[in-house]
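*Asks:* Sequence:
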Amino acid sequence: VGVGDDPSHAPFTRALAQADKILVVRNQQVDIYGRIWCCWEMFIAYQLNLVQKLGGLMVVGCPGGAATQQIDILAAEASDAEDKRRILHHIRSQTQTY
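Here the numbering used here is used: the first residue of the sequence shown is 3, the next is one more, and so on.
One or more of the hints may lead you astray.
[Unchecked claim] Restraint ranges, calculated between C-beta atoms of paired labels, are given here:
(1) 56 / 84: 31 to 39 Å
(2) 91 / 65: 24 to 32 Å
(3) 95 / 16: 13 to 21 Å
[Said to hold, decoys possible] In the SDA-like style, the derived pairs of lysine to any residue whose C-alpha atoms are separated by at most 25 Å in a straight line are:
(4) 23 / 61
(5) 23 / 37
(6) 55 / 94
(7) 55 / 10
(8) 23 / 84
(9) 55 / 26
(10) 55 / 96
(11) 55 / 22
(12) 55 / 80
(13) 23 / 33
(14) 23 / 50
(15) 23 / 43
In case anyone wonders, no lab produced these hints; they're calculated from the structure. We put the beta carbon where it would ideally sit given N, CA and C, even for glycine.
Taking the hints into account, I'd like the entire structure generated from these sequences.
*Replies:* In structure tokens, the structure reads:
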């Protein structure tokens with residue numbers, strides 16, 4: 003994850019915490035909700051109130067099927083299974099759900 007067991011301490015997460023806006027660029031090859039680190043980015047954007055802020059979260063590119071279906075982050079993939087476990091554990095500890 004970058005730093006210990008807590009993904010909120012990873013360098014990437016600390017950089018996101020400094021952002022005023024987040025730009026998500028979608029593509030046809032991989033749905034952003036199919037990758038655990040992308041789900042983590044969206045979770046952090048939500049935690050930072052960027053999702054709720056007008057212009058705080060910008061999504062561009064090819065639309066995926068996620069807009070019309072429920073997202074199951076348990077199905078999201080990671081190149082490192084331990085990253086996925088840590089991210090899911092942290093999200094669950096913050097929200098009591100996935």
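*Asks:* So, against the hints stated earlier in the document, which numbers end up violated here?
*Replies:* The structure conflicts with hints 8, 12, although it agrees with all the remaining ones.
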